[in-house]
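Asks: Spelled out, the chains give:
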Amino acid sequence: MTAQGIGVPVRRKEDARFLTGQGTYTDDINRHGQVYAHILRSPHAHAKIGKIDTAVAKDAPGVVAVFTGADMQVGGLPCGWLIKSKDGTPMAEPPHPVLAQGKVRHVGDPVAVVIAASRAEARDAAELIEIDYDVLPAAVTAEDALKPGAPQLHDGAPGNLCYDWHIGDKAAVDAAFAKAAHVTRLEIVNNRLVANPLEPRAAIGEFDRGTGEYTLYTTSQNPHVIRLLMGAFVLQLPEHKLRVVAPDVGGGFGSKIFHYAEEAIITWAAGKVGKPIKWTADRSESFASDAQGRDHVTTAELALDKNGKFLALRVATQANLGAYLSTFSTSVPTYLYATLLAGTYTTPAIYAEVKAAFTNTVPVDAYRGAGRPEACFVVERLVDAAARETKIDPVELRRRNFIAKDAYPYQTPVALVYDSGDYAATLDMALKSADYAGFEKRRQEAAKRGKLRGIGIATYIEACGIAPSALAGAIGARAGLYETAEVRVHPTGSISVFTGTHSHGQGHETTFAQIVSDRLSVPIEMVEVVHGDTDKIPFGMGTYGSRSLPVGGSALVKSLDKVVNKGKKIAAHLLEASEADIEFKDGKYTVAGTDKAVPFAQIAFTAYVPHNYPIEELEPGLDETSF
Amino acid sequence: MATVSLTVNGKKATAQVESRTLLVQLLREHLGLTGTHVGCDTSQCGACVVHVDGVSVKSCTMLAVQAEGASVTTIEGLANGNELHPMQAAFREHHGLQCGFCTPGMVMSAVDFAKRNKNPTEHQIREWLEGNLCRCTGYHNIVKAIQAGTEAMARTVR
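Protein sequence lines correspond, in order, to chains A and B. Mapped onto this note's numbering, the consecutive letters of the first sequence carry residue numbers 9 to 635. Mapped onto this note's numbering, the consecutive letters of the second sequence carry residue numbers 1090 to 1247.
No lab work stands behind these hints: they were computed from the structure. Model, not experiment: these values are computed from the prediction. Misleading hints may appear alongside valid ones.
Straight-line distance between alpha carbons at most 20 angstroms, and here's what the computed SDA-like set of lysine to any residue pairs gives [claimed, not checked]: (1) A/K21 / B/T1226; (2) A/K21 / B/H1184; (3) A/K21 / B/E1165; (4) A/K94 / A/G481; (5) A/K21 / B/G1170; (6) B/K1101 / B/E1165; (7) A/K21 / B/E1172; (8) A/K21 / B/H1183; (9) B/K1233 / A/R20; (10) B/K1100 / A/Q30; (11) A/K283 / B/E1118; (12) A/K280 / A/D541; (13) B/K1233 / A/R19; (14) B/K1233 / A/A24.
Model the full assembly from the supplied sequences, consistent with the hints where possible.
Replies: Right under this line is the structure:
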């Protein structure tokens, strides 16, 4: 470990600019000749659109253009994960238009865009658009939407059902329940929530007539994903003519993973009007258009034997997906949820079924933990309820059912294999930290003051940093999930790192620089971490699901290894030694067993000024990329 | 249109604005001072806090014309050249920020607090922060930073 290496608590590199107002968030960017967009949204949960009259709005002061769904005939917003129902049929995947096509399906559904010289003029003009709405009955809960006779949202989704999916061994679970000494049953609502990063979503679209290139600045956690989805599926723009920049981003919490209609509208319209266009959501728009989280209603049952050992778990969940399929929405209540239902326990048989419904609400997608906290909530609520019902202490009941520390690798009944763990030990640590043994005394003391003191226990396990695999493809992932890192060592030894992950508060500019410092023994001040620009970064899947360090950090280490190994070849040449005898340590290449050494910076310089260099065997330069 | 003349970060500024223009719009869009942020439009989040005549104000809740003749300080005007203001330094030292979006408003609000409370309790800091929302750090380190920044200001600022 170096003075600033992995694990050292250094001050963050990015803080100086954030603390002095020098951060560059999307709305802070202004392009020459920029005009402003306002999105007119549906005030109704469900309605047919008759006539849209934009004539008065088009003549309003400052207005550059008004577009509706009739003007914008492009592809729909795609969904990135295909789920198949129990019977093998693919999920219902109805069109997700960027501007409404004849119907609106949730409050906030975009209907028209007004582009004007100022934000205020765009908003004023939007109020002059006349729309004939034929308001329809709405279904807002999954339960209501799945009932016979419910209002139907999409022609292509009969009964508002997206999919009826399952996982696990139903027969084994039924058999275990039949012989159970005790069954605990719960109805659990995991309520919908709004992600609400402090920075509202924003986008700036720009078109360069000279080169035919589009640029989109956007509040995104993964600009390459946006480039791929918007370019290939919505606007049919080839990737070499489309640049997506996600500059400083003020928090995401999942909600800035997805490709949103506004990004496509702004980019497309910039080409139509020939001027850069900025759109910035206000907070009300965030509530009506950012993908939301959770919204599960679950019936869960746990079967136990007479000693409190879990025999089986049966789960039936109705998941509310909202009006349309947001980018990764379909994976959340399935593979990101039910595969975690084993929790930390040895429950030998698990069966879960999930019905996902379209409703007249804002689309739901991944939010903090995405499915996994929902699974934990189900399991831990059940365990607590079972403890109360069987009068077994909730700590003791958990201990009896933990996967033992010598049972790894552990195959759960719901697909995942756990590699390691010692849950009893971590629970002991938590109980000690919380002074669990002393709780009763504290409770009595609080009661004397008229206060009701409680204590709760939950264990949590999460599968994160999902990486590419044949399994990911087999279960419907439509995206690769790898990551890239380029390490560009400059001639004088300073370093630029280009990562496909994206920091929106996580602090990669510091932590990734620490990885470099750790490996190459350079100060973090000599390392610049570059992210968030498809023109600079080879490729990337961005940041979500706790993937930046396990996936992106691994790619960075691979690139650093390549740099070190190329440096060994150069050092061997300079030191007139065999490559096998060269060691790299503390920023120096040495010949083993001698005092002959050459510093890393000299290797870098030699790579770019290769006068004394093994030029026949080795390319010049010191710039390595890993996928 | 109205003409507004004011002093911003020690420099005189004049702008022609629509009378409905908010102070934050004047700062961000007319004067290019984008360090002051808009997070909620509804005076709740405090990302837009600046000082008007030395007092913290939510600049999304004040018309630009109301600042006629006033002296406004934004986050860009707080540091002394490259030397961070003690409150900025305390936020850095105590990791009182993650994404940085709420940070300018937090710092400006905290500076006003520190001027009014020389030796505050943690409870007083938390009460004061009612008007500033952070979505990332959960306040724990922000409170520590304000405690330290307040002490540092008492030692070094006036």
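Asks: With reference to the structure, classify each hint as holding or not holding.
Replies: Each hint tested on the structure:
1. A/K21 / B/T1226: holds (17 angstroms)
2. A/K21 / B/H1184: Holds - the C-alpha atoms of B/H1184 and A/K21 are around 11 angstroms apart, at most 20 angstroms.
3. A/K21 / B/E1165: Distance of about 18 angstroms is within 20 angstroms: holds.
4. A/K94 / A/G481: Distance of about 18 angstroms is within 20 angstroms: holds.
5. A/K21 / B/G1170: holds (18 angstroms)
6. B/K1101 / B/E1165: The given pair, whose Cα atoms are some 15 angstroms apart, holds under the 20 angstroms limit.
7. A/K21 / B/E1172: Holds, at roughly 15 angstroms.
8. A/K21 / B/H1183: holds (14 angstroms)
9. B/K1233 / A/R20: Distance of about 17 angstroms is within 20 angstroms: holds.
10. B/K1100 / A/Q30: holds (18 angstroms)
11. A/K283 / B/E1118: holds (18 angstroms)
12. A/K280 / A/D541: Between A/K280 and A/D541 the Cα gap is close to 24 angstroms, so the pair fails against 20 angstroms, i.e. violated.
13. B/K1233 / A/R19: Holds, because 15 angstroms separates the two Cα atoms, which is no more than 20 angstroms.
14. B/K1233 / A/A24: holds (18 angstroms)
Comparing the model with each numbered hint stated earlier shows that hint 12 is the single one that does not hold.
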